[in-house]
Amino acid sequence: MPEKQQDILITIIIATIFFVLLGAFLLILLFLFLRRQRKNQKEKEEMKNRFEQTMLKTQIEIQDQTLAFIASEIHDNIGQILFLAKINNNQITKENVVEKIELIDDLLGKAFSDLREISHTLKNNRFHQIGLSESIRQLLHNIERTGKYSTSFDSIPSDEIDGLIHGNDIILFRIIQEIINNILKHAAASFINVSISKENNDIAVLIEDNGIGFDLEIIKSENQGIGLHNIYTRAKMINSTVEIMSTIDVGTTIILKFKSQ
Amino acid sequence: MQASSFLVCLFLYKTLKNTDLKYFLPFLFVTLVVELTGLWMIGHGIRNYLLFNVFTTFEFIFYSFLFYKHFRKPHFKKLAIIFMPIYVTAVNINLFYFQGINNFHSYTFLLGSFFIVIFCCFFFYESLLPEFLDNNLTKQPFFWVCTGLLLFYLGSVIINALFEYLRTYDMQVEGKKIYGIINQSLNVVLYSAFIFAFNLCRKNSKTY
Numbered sequence: 001m002p003e004k005q006q007d008i009l010i011t012i013i014i015a016t017i018f019f020v021l022l023g024a025f026l027l028i029l030l031f032l033f034l035r036r037q038r039k040n041q042k043e044k045e046e047m048k049n050r051f052e053q054t055m056l057k058t059q060i061e062i063q064d065q066t067l068a069f070i071a072s073e074i075h076d077n078i079g080q081i082l083f084l085a086k087i088n089n090n091q092i093t094k095e096n097v098v099e100k101i102e103l104i105d106d107l108l109g110k111a112f113s114d115l116r117e118i119s120h121t122l123k124n125n126r127f128h129q130i131g132l133s134e135s136i137r138q139l140l141h142n143i144e145r146t147g148k149y150s151t152s153f154d155s156i157p158s159d160e161i162d163g164l165i166h167g168n169d170i171i172l173f174r175i176i177q178e179i180i181n182n183i184l185k186h187a188a189a190s191f192i193n194v195s196i197s198k199e200n201n202d203i204a205v206l207i208e209d210n211g212i213g214f215d216l217e218i219i220k221s222e223n224q225g226i227g228l229h230n231i232y233t234r235a236k237m238i239n240s241t242v243e244i245m246s247t248i249d250v251g252t253t254i255i256l257k258f259k260s261q
Numbered sequence: 001m002q003a004s005s006f007l008v009c010l011f012l013y014k015t016l017k018n019t020d021l022k023y024f025l026p027f028l029f030v031t032l033v034v035e036l037t038g039l040w041m042i043g044h045g046i047r048n049y050l051l052f053n054v055f056t057t058f059e060f061i062f063y064s065f066l067f068y069k070h071f072r073k074p075h076f077k078k079l080a081i082i083f084m085p086i087y088v089t090a091v092n093i094n095l096f097y098f099q100g101i102n103n104f105h106s107y108t109f110l111l112g113s114f115f116i117v118i119f120c121c122f123f124f125y126e127s128l129l130p131e132f133l134d135n136n137l138t139k140q141p142f143f144w145v146c147t148g149l150l151l152f153y154l155g156s157v158i159i160n161a162l163f164e165y166l167r168t169y170d171m172q173v174e175g176k177k178i179y180g181i182i183n184q185s186l187n188v189v190l191y192s193a194f195i196f197a198f199n200l201c202r203k204n205s206k207t208y
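Protein chains in written order, with this note's numbering: chain P, 1 to 261; chain U, 1 to 208.
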């Protein structure tokens, strides 16, 4: 066979192999791409599931907090008042009947008023109905009722908050609730201020107290910051940043900046 | 290879009959009959181009119908349907005006190959769409049919484009040999892919 013809046949074979390899390469590329796509989709679903779980957990925690508040109100307040009324009832004699009945009447009136307050708390504790601002207002009101703290609250209108937060408000509220819980437990403060403001298109929530303050580095290094870790994790989930400034014996200021998407 | 894929298809027909691959049984039967008739004709010194020209037309229409059945996007389905009459028209034009009755219809074969490769790419493209991402591609029997078709038609483009040249007097012996080797190798790939797809249907039916 002449050399020229042999060259042509070799060219045909090489070109055919090349085309088949091209097809095989296309298939491998498709396979790899699909694998990556499926992995991405799985990660996305996992993230969504994690978010939903956090939402659910947050709702349960908020409910638990409310129930704990009601339980302590019944035990520490109404329970005590009714017990006092019972003692007074047992102490009634002919001589003091008028005085004791008046006292019992006062006590029962107080118990009734407290019960009404609890009922009001329960009725209005549906977060989705009252929104972020009103929930914070109620939280601070309940704290102030203990008589140990004074509070102040300042906020931009609710509809403006809702427009920027898009359904993440329940997690933001839970973060605020957790920060306030920490103040009540550890700060030995007498004043709590919460303010919600708007910076460009972002929402800034400032929570400050006049407590004993803490050293952030020590808390972090001693692994005591589980509450803080929760705050950071949740804030990250709703695209928010946390800034903590604390001075010993002066107080603590925490600023949450929620970046609207 | 054709015979073994036909036998596998026949053997697994019970599981294939609930899928669109059931159409492979008559198709592979026709393929086998055509191949055997073609061999017999060559043995008796009769030209078999007409037989294969008719068969390849039927083959491309069959594959196009299969793609029509498996496409999920309406415009791809429409294209597969439109291809059928266009291809028959092209074969007739080629028959009457270009390559005639006594030649292999390489022009229309290349046109058909081109469209089958395009249809394979459309099928793969559909598999990449987010709405169909949940289906595991390698567990779909038609993916393997598509793989076989893609490799077969991509590989056979060169030898079919140069078919007339390979038939010339000075290339006849070597050309025939090369044509035979390449075609047989590609047939092994194609029919192995078919057998794999049939077997996958059996496995899938066991899973459900």
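Derived by calculation from the structure, the hints in this document are not laboratory data. Yeah, the Cβ is synthetic: ideal placement off N, Cα and C, and Gly gets one too. Mixed in with the good hints there might be a few duds.
[Unchecked claim] Short derived list, chain U residues pointing at chain P, Cβ under 7 Å:
1) Pro-85
2) Ile-86
3) Leu-95
4) Gln-99
5) Ile-101
6) Phe-104
7) Glu-126
8) Leu-129
9) Leu-150
10) Leu-151
11) Leu-154
12) Ile-158
13) Ile-182
[Said to hold, decoys possible] Non-contacting residues of chain U with respect to chain P, defined by C-beta distances greater than 12 Å in every case (computed):
14) Ala-3
15) Glu-35
16) Phe-65
17) Ile-81
18) Thr-89
19) Ile-93
20) Ala-161
[Stated by the list, open to error] Reference listing, derived: stretches of chain P covered by chain U, where coverage requires no fewer than 3 residues with Cβ under 8 Å from a Cβ of chain U:
21) 26-40
22) 47-55
Here is what the structure says about each hint:
1. Checking Pro-85 (chain U) against chain P: minimum C-beta separation of about 28 Å lies over 7 Å; hint violated.
2. Proximity of Ile-86 (chain U) to chain P is violated relative to the hint, the smallest CB-CB distance being about 24 Å (cut-off 7 Å).
3. A hinted interface residue such as Leu-95 (chain U) counts as satisfied when its beta carbon comes closer than 7 Å to some beta carbon of chain P; here the least separation is about 27 Å, so the hint is violated.
4. Of the supplied interface hints, the one on Gln-99 (chain U) is violated, with its beta-carbon coming no nearer than about 20 Å to a beta-carbon of chain P, more than 7 Å.
5. Taken as an interface hint, Ile-101 (chain U) does not check out: its beta carbon lies about 27 Å from the nearest beta carbon of chain P, beyond 7 Å.
6. The beta carbon of Phe-104 (chain U) comes no nearer than 16 Å to any beta carbon in chain P, farther than 7 Å, and the hint placing it at the interface is violated.
7. Proximity of Glu-126 (chain U) to chain P is violated relative to the hint, the smallest CB-CB distance being about 11 Å (cut-off 7 Å).
8. Against a cut-off of 7 Å between C-beta atoms, the interface hint on Leu-129 (chain U) is violated, since the closest Cβ of chain P lies about 10 Å away.
9. At a threshold of 7 Å, the smallest CB-CB gap from Leu-150 (chain U) to chain P is about 5 Å, leaving the interface hint in force.
10. Look at Leu-151 (chain U): its Cβ gets to within about 5 Å of chain P, closer than 7 Å, so that hint holds up.
11. Taking 7 Å as the C-beta cut-off, the interface hint given for Leu-154 (chain U) holds, the closest approach to chain P being about 4 Å.
12. Taking 7 Å as the C-beta cut-off, the interface hint given for Ile-158 (chain U) holds, the closest approach to chain P being about 5 Å.
13. The beta carbon of Ile-182 (chain U) comes within 5 Å of a beta carbon in chain P, closer than 7 Å, and the hint placing it at the interface holds.
14. Annotated as non-interface, Ala-3 (chain U) keeps its C-beta farther than 12 Å from every C-beta of chain P; the closest such distance is 24 Å.
15. The claim that Glu-35 (chain U) lies off the interface holds: its Cβ sits roughly 21 Å from the closest Cβ of chain P, which is beyond the 12 Å cut-off.
16. Separation of Phe-65 (chain U) from chain P is adequate, the least Cβ-Cβ distance of about 22 Å exceeding the 12 Å criterion.
17. A cut-off of 12 Å between C-beta atoms confirms that Ile-81 (chain U) is not in contact with chain P; the least separation is 25 Å.
18. At roughly 27 Å, the least C-beta separation between Thr-89 (chain U) and chain P is larger than 12 Å, which holds for a residue marked as non-interface.
19. At roughly 27 Å, the least C-beta separation between Ile-93 (chain U) and chain P is larger than 12 Å, which holds for a residue marked as non-interface.
20. Chain P draws Ala-161 (chain U) into its interface by the beta-carbon criterion, the shortest separation being 10 Å against a cut-off of 12 Å.
21. Note: the stretch 26-40 of chain P has 8 residues with beta-carbon separation from chain U under 8 Å; the three-residue rule is met and the coverage holds.
22. Judged by the Cβ-Cβ criterion of 8 Å, the stretch 47-55 of chain P is not covered by chain U as claimed, because only 0 of its residues qualify and three are needed.
Against the hints set out earlier in the document, violations occur for numbers 1, 2, 3, 4, 5, 6, 7, 8, 20 and 22.
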